[in-house]
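Protein chains: 4
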Amino acid sequence: MATEQPMTQTTDSARVEAFSDGVFAIAITLLVLDIKVPVADGARELWHALGAEWPAYCAYLVSFLVIGVMWVNHHTVFSYIARVDRTLVFLNLLLLLVVAALPFPTALLAENLRRPAAAHVAAAVYGATMVAHAVTFVLFWLYVTRTGHCFDERVDPVAARATRARFGLGLLVYPVTVAVAFLSAPLALALHGVLALYYAFNQTPIPTREQPAPDPD
Amino acid sequence: MATEQPMTQTTDSARVEAFSDGVFAIAITLLVLDIKVPVADGARELWHALGAEWPAYCAYLVSFLVIGVMWVNHHTVFSYIARVDRTLVFLNLLLLLVVAALPFPTALLAENLRRPAAAHVAAAVYGATMVAHAVTFVLFWLYVTRTGHCFDERVDPVAARATRARFGLGLLVYPVTVAVAFLSAPLALALHGVLALYYAFNQTPIPTREQPAPDPD
Amino acid sequence: MATEQPMTQTTDSARVEAFSDGVFAIAITLLVLDIKVPVADGARELWHALGAEWPAYCAYLVSFLVIGVMWVNHHTVFSYIARVDRTLVFLNLLLLLVVAALPFPTALLAENLRRPAAAHVAAAVYGATMVAHAVTFVLFWLYVTRTGHCFDERVDPVAARATRARFGLGLLVYPVTVAVAFLSAPLALALHGVLALYYAFNQTPIPTREQPAPDPD
Amino acid sequence: MATEQPMTQTTDSARVEAFSDGVFAIAITLLVLDIKVPVADGARELWHALGAEWPAYCAYLVSFLVIGVMWVNHHTVFSYIARVDRTLVFLNLLLLLVVAALPFPTALLAENLRRPAAAHVAAAVYGATMVAHAVTFVLFWLYVTRTGHCFDERVDPVAARATRARFGLGLLVYPVTVAVAFLSAPLALALHGVLALYYAFNQTPIPTREQPAPDPD
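Protein chains in written order, with the working numbering: chain G, 1 to 217; chain V, 1001 to 1217; chain X, 2001 to 2217; chain Z, 3001 to 3217.
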């Protein structure tokens, strides 16, 4: 085997999933380090200091939900993928690069949410990170549906392409959160929470051959 | 397959377990970062500085035990679950949200335990986090026993419902630790250690068909 | 099944191993956070600042080796264990408690190694942590060899008991490192590195039935 | 079995891979902690503070890519390894020691890249870490190809030795990055990114028996 392996030569996807699960699990668990631990002498002062950290709690809740739902979606997509080639491993790495970066905009928002002018900037950076995530997810999915050879045998590759439009929805929605950031940073954060819940409960089904798709959405 | 997947459609539970194991393992290992590293010039000063950190060691021990036992219980429950639906994945995410948050009240208690007035507040927040954990665990278990379709075939779904009362015990016990926090913060911390040991050695058995349950507790 | 599960009822050991692997991998990777990142304007100042951190590099190297070899030994022991009961899960949790704590004495030694008087204390605390590790490992192994029901079928439980003495060797050796700490802290650190290498290349074999053990050591 | 296990006695490689995956996943996800979270009152100030952190973003991107590609290569090599002996476990531990250390030179570069004189030193340390990685990878591969008994049956051990030269390429290339560091630190960082991309898309194929290798490169 003297020639280079072609970029489309595939290997089993199990270890890529395990590595990705690790990155998701670590990123989601590191979020708590962004919540500063207050120290106070009196009970009232400590209650007050804890109360003043509401932006950190909100950012924790929303980002935990966001990474959790990203993981669920990643997991769902990989349940239809039986093997990976080197391009897909690389596109998956790009996707993980954004996931692993999320504790940074989360901390940025937590630290600046109570400073009206700066909060807009922090929320815009958070939204831009989500735009980057949507871009990497769409690139990943475009490649999988274009080549088809990574899919599990159950999947109908032609019908699967019809899901691209819905997978690309994030490319329209997340730029809106950047615009909303300049109106109200807390509203933008709440919007990210609502979008994560939407994606949690409205995943795009991937057409399979066992379940014929007479009316692909 | 043009219709949305119903919320109750199930998939294999293995990757949810692996992801949960990752979050438990990371949260339990991050606890050590809460122990401040003292620096001193003299031997006596360093012994003294190390001794002054007893609240951090106690908080580490108790929280390690608490997360460890949470993991054992999570593991035991999942040994009876063969598949998950989207609602269960979401309820599991809620449960992990509280587990991953535990390093925060642990550090809060470690930092404030030697300040009498503030210690009550820190211990109450610790207790409240455990109440939140009990609530997410009960929601998880109510959903599993109500629907029944996630159980492994060995499990007797009707008899399994009889375990709800014991699983709900934490909803009565953990609010008591919040009350105890206002009497004595160290006592509240010790109580959390004792409760973790109780749960370690008194897990509720889940009735299975192979082992008939004539007298469900 | 109305009765409590007896403490000796066993389940498969795979998930306990996966959780333990996670804790070992995280603890070993967190060690790098103990190395302070120096900032300087000039090249010479930065070289100097980097050079001044030699205790942190030594502590990193030794503790990486120590946790790595602990993992190898844990892995070897579990390769002979087919199932776990609740007591063993709990003893394993105790063992992991010490493993996860190791970044603390490592940082303590790194920060204090250049302060002659304080260094003795830091090295003694490091040695004491290793004593604690040896104790938890011996308790684990005593329980496994005493009960026998957790072993894989290949293992000869009677002959396995004969390995206790060698497994208990750490109980004699690690207290010596505490004594050495008061002579010379760098020597004590070096001794921990040498002991890890010894354990890396001199693991106690566990007698199996396929390979009869006429002369158990 | 009274004799010591010979150093070449092999066991299954699966748990070594899982542990290594954990270390790679944690090291890659810890990188984000090196990006400082700026706080500002005004929007302009926060944009400015965010902009001033470009060295941290560049270092994050390059190191994420570097560790990601290291993981891909490690994963590829292990796909040809069916079992490990104690020496290989130890050589793998050495390799992971360097991987886990990478967040340190990454942070060093991020903190010093804008200080012209110090940046050369930081980039040289980064390059030296990559030299150390190349050395551990070559030692690992020399041992695997020299002994041959760890390979999967598919692999042609004689032909596999012919890949040593290409695996050793890093020993020539990474010292060059150290030299480049003294010309321009940003250029050296960019070179590390380019090299990671080169390794991502030009992995050395390992000759297998099923695919005869008439013209080993």
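Simulated from the structure, these hints should not be mistaken for lab results.
These numbers were taken from a predicted model, which means no experiment stands behind them.
Certain hints may be false.
Claimed, not checked - 16 Å max Cα-Cα, derived EDC-like pairs, lysine to aspartate or glutamate: (1) G/K36 <-> G/E53; (2) V/K1036 <-> V/E1053; (3) V/K1036 <-> X/D2034; (4) Z/K3036 <-> Z/E3053; (5) G/K36 <-> V/D1034; (6) Z/K3036 <-> G/D34; (7) X/K2036 <-> Z/D3034; (8) X/K2036 <-> X/E2017.
What the hints assert, rightly or not - Footprint (simulated), chain V over chain G, 3 or more residues, beta carbon under 8 Å: (9) 12–21; (10) 27–40; (11) 44–51; (12) 181–188.
Note that CB positions come from ideal geometry on N, CA and C, so glycine has one too.
Hint-by-hint comparison with the structure:
A C-alpha spacing of about 8 Å is found between G/K36 and G/E53, which places the hinted pair at or below 16 Å, so the restraint holds. The hinted pair formed by V/K1036 and V/E1053 meets the criterion: a straight-line CA distance of about 8 Å does not exceed 16 Å. Only pairs whose Cα atoms come within 16 Å are accepted, and V/K1036 paired with X/D2034 is accepted, the gap being roughly 11 Å. Between Z/K3036 and Z/E3053 the alpha-carbon distance is near 8 Å, which keeps this suggested pair within the 16 Å criterion.
Of the supplied pair hints, the one linking G/K36 and V/D1034 holds, its CA atoms being roughly 11 Å apart against a limit of 16 Å. This hinted pair checks out: Z/K3036 and G/D34 have alpha carbons roughly 11 Å apart, not beyond 16 Å. Proposed proximity of X/K2036 and Z/D3034 is supported: the alpha carbons are some 11 Å apart, at most 16 Å. Annotation: proposed proximity of X/K2036 to X/E2017 is violated, straight-line Cα distance about 32 Å (limit 16 Å).
A stretch counts as covered by a chain when three or more of its residues have a beta carbon under 8 Å from one of that chain; for the stretch 12–21 of chain G and chain V the count is 3, and the coverage holds. Using a Cβ-Cβ cut-off of 8 Å, 11 residues of the stretch 27–40 of chain G lie near chain V, which meets the minimum of three, so the contact claim holds. Counting residues of the stretch 44–51 of chain G whose beta carbon lies closer than 8 Å to any beta carbon of chain V gives 4, which meets the minimum of three for the stated coverage. By the rule of at least three residues with a Cβ nearer than 8 Å to a Cβ of chain V, the coverage given for the stretch 181–188 of chain G is violated, with 0 such residues.
In this structure, the earlier hints numbered 8, 12 are contradicted, and the remaining ones agree with it.
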